[in-house]
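This is what each chain is made of:
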Amino acid sequence: MFVWGESEGELGINFDHIWQKTLTVLNPLKPADGSIMNETDLAGPILFCVALGATLLLAGKVQFGYIYGMSGIGCLGIYALLNLMSSSGVSYGCVASVLGYCLLPMVILSGSAVFFSLQGMIGTVLALVIIVWCSLSASKIFISALDMEGQQLLVAYPCALLYGLFALLTVF
Amino acid sequence: MRKENCEGSKHRTRAAPDPPPLFDDTSGGYSIQPGGYPAPGADVAFNVNHLLGDPVANVAMAYGSSIASHGKDIVHKELHRFVSVNKLKYFFAVDTAYVAKKLGLLVFPYTHQNWEVQYSRDVPLPPRQDLNAPDLYIPTMAFITYVLLAGMALGIQKRFSPEVLGLCASTALVWVVLEVLALLLGVYLATVRSDLSTFHLLAYSGYKYVGMILSVLTGLLFGSDGYYVALAWTSSALMYFIVRSLRTAALGPDSMGAPAPRQRLQLYLTLGAAAFQPLIIYWLTFHLVR
Numbered sequence: 001m002f003v004w005g006e007s008e009g010e011l012g013i014n015f016d017h018i019w020q021k022t023l024t025v026l027n028p029l030k031p032a033d034g035s036i037m038n039e040t041d042l043a044g045p046i047l048f049c050v051a052l053g054a055t056l057l058l059a060g061k062v063q064f065g066y067i068y069g070m071s072g073i074g075c076l077g078i079y080a081l082l083n084l085m086s087s088s089g090v091s092y093g094c095v096a097s098v099l100g101y102c103l104l105p106m107v108i109l110s111g112s113a114v115f116f117s118l119q120g121m122i123g124t125v126l127a128l129v130i131i132v133w134c135s136l137s138a139s140k141i142f143i144s145a146l147d148m149e150g151q152q153l154l155v156a157y158p159c160a161l162l163y164g165l166f167a168l169l170t171v172f
Numbered sequence: 001m002r003k004e005n006c007e008g009s010k011h012r013t014r015a016a017p018d019p020p021p022l023f024d025d026t027s028g029g030y031s032i033q034p035g036g037y038p039a040p041g042a043d044v045a046f047n048v049n050h051l052l053g054d055p056v057a058n059v060a061m062a063y064g065s066s067i068a069s070h071g072k073d074i075v076h077k078e079l080h081r082f083v084s085v086n087k088l089k090y091f092f093a094v095d096t097a098y099v100a101k102k103l104g105l106l107v108f109p110y111t112h113q114n115w116e117v118q119y120s121r122d123v124p125l126p127p128r129q130d131l132n133a134p135d136l137y138i139p140t141m142a143f144i145t146y147v148l149l150a151g152m153a154l155g156i157q158k159r160f161s162p163e164v165l166g167l168c169a170s171t172a173l174v175w176v177v178l179e180v181l182a183l184l185l186g187v188y189l190a191t192v193r194s195d196l197s198t199f200h201l202l203a204y205s206g207y208k209y210v211g212m213i214l215s216v217l218t219g220l221l222f223g224s225d226g227y228y229v230a231l232a233w234t235s236s237a238l239m240y241f242i243v244r245s246l247r248t249a250a251l252g253p254d255s256m257g258a259p260a261p262r263q264r265l266q267l268y269l270t271l272g273a274a275a276f277q278p279l280i281i282y283w284l285t286f287h288l289v290r
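Those protein sequences? They're chains X and L, same order as listed.
Position 158, counted from 1, in the first sequence is what full-length UniProt numbering calls 158; the numbers after and before it change by one each time, with no gaps.
Position 206, counted from 1, in the second sequence is what full-length UniProt numbering calls 206; the numbers after and before it change by one each time, with no gaps.
You can trust all of the hints, since none of them are fake.
Covered stretches of chain X (in silico footprint by chain L; criterion: 3 or more residues with CB under 8 angstroms from a CB of chain L, positions within the stretch not fixed):
{"hint": "1", "region": "81 to 90"}
{"hint": "2", "region": "148 to 154"}
{"hint": "3", "region": "158 to 166"}
Partner residues aside, some chain L positions facing chain X, computed with beta carbon under 7 angstroms:
{"hint": "4", "residue": "89"}
{"hint": "5", "residue": "92"}
{"hint": "6", "residue": "95"}
{"hint": "7", "residue": "96"}
None of these hints come from the bench; they were simulated from the model.
Here the structure is a predicted model, which means the values were calculated and not measured.
Glycine included, every Cβ here is placed at the ideal spot set by N, Cα and C.
Throw the hints in and build the complete structure from the sequences for me.
Dropping the structure here:
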């Protein structure tokens with residue numbers, strides 16, 4: 001544990017925080033703590049993006065260009081919207097970090113696409129549930145970190161559009 | 001152990017003869033005031049910069065961060081030249097209750113009584129507190145949803161490709177720009193002295209995307225007949241909505257002394273803008289519901 005702690009500090013990656021944020025994403029109904037996004041780290045999101053790409057590759061879809069393009073433009077759009085809607089501003093790194101963390105359920109969806117085809121009623125329902133899950137947790141983290149009240153559904157809708165695009169890539 | 005090494009190197013370099021001009025020139029925030037604070041300022045700068053214990057890395061990091069902040073400042077300055085962000089923020093101060101009520105109003109505006117935009121000391125109230133105030137959240141979301149829905153509709157008809165999606169998006173965008181320009185020209189010609197800024201006109205011309213989405217959805221679910229029924233309903237609702245809203249908005253907070261021909265011109269402008277909406281809705285959606 002002594003060696004583990006040292007390498008953690010040297011790399012600048014705080015595994016405990018990553019685990020905490022992952023737990024927040026996995027349980028969308030529990031209210032989030034506003035201070036967890038005080039330090040933006042991209043280690044978790046990058047891990048989830050790689051996992052998503054790997055599961056897509058296993059399912060036979062090689063569309064990395066679209067994934068990168070869509071995520072970049074989508075992050076930029078949500079960054080602009082959040083800056084306009086909230087009283088305090090938000091940095092691009094924070095937006096990218098939150099959106100990347102909430103990509104975790106999408107990895108579950110594309111993982112299940114490896115085992116059975118998603119083009120059918122079950123696949124559509126599963127995709128819709130996962131989209132709602134992702135966007136609810138993303139909006140929950142955003143409004144608790146930026147102190148926006150009465151706007152959770154308004155923030156969840158553009159996130160749902162973005163994750164819907166990801167789900168389209170996964171399903172089709 | 002690592003902390004000891006850090007402090008040891010700090011002590012060592014503080015004692016050695018360091019080159020102050022190198023640090024002062026390249027690090028953005030630590031420049032020495034002319035003629036003042038030589039020792040304490042330098043010490044503070046060295047404390048922060050020697051966390052990694054490597055002077056070259058510190059110089060690179062400081063230089064990089066100063067370039068990044070300089071770039072961000074340039075982007076902000078250019079952005080503020082074109083768009084007043086504070087005025088834009090007014091249009092996004094919405095909450096869920098406002099959006100829900102406004103969407104209901106766009107679909108069924110006939111029972112709404114009071115269309116006046118409320119002011120507090122000559123400043124219009126934000127959309128959170130006033131249902132009649134225009135906003136830009138609904139038009140923006142409706143536009144993006146329309147583009148995605150168009151892509152999906154084309155995908156269902158097996159005519160999808162990313163280029164077609166881009167074509168849909170740019171066509172719709174061009175129509176929005178043309179309509180806002182035409183409205184601006186009309187407002188200028190009629191010399192209406194009103195609170196209608198460009199963003200107001202953008203908001204009102206963006207509300208028709210809600211009607212478009214409903215028409216396309218109905219057309220996809222219920223076929224061609226459903227499409228025409230939904231088109232007729234949303235067009236009439238939208239025309240009523242625009243005429244009632246723009247008539248009070250164009251007149252502004254004090255509208256007593258406008259002469260008759262100017263009032264008639266304003267009325268014609270509003271009616272013309274309203275009548276143009278169904279044509280655009282039809283033009284942009286009929287090829288999706290075939």
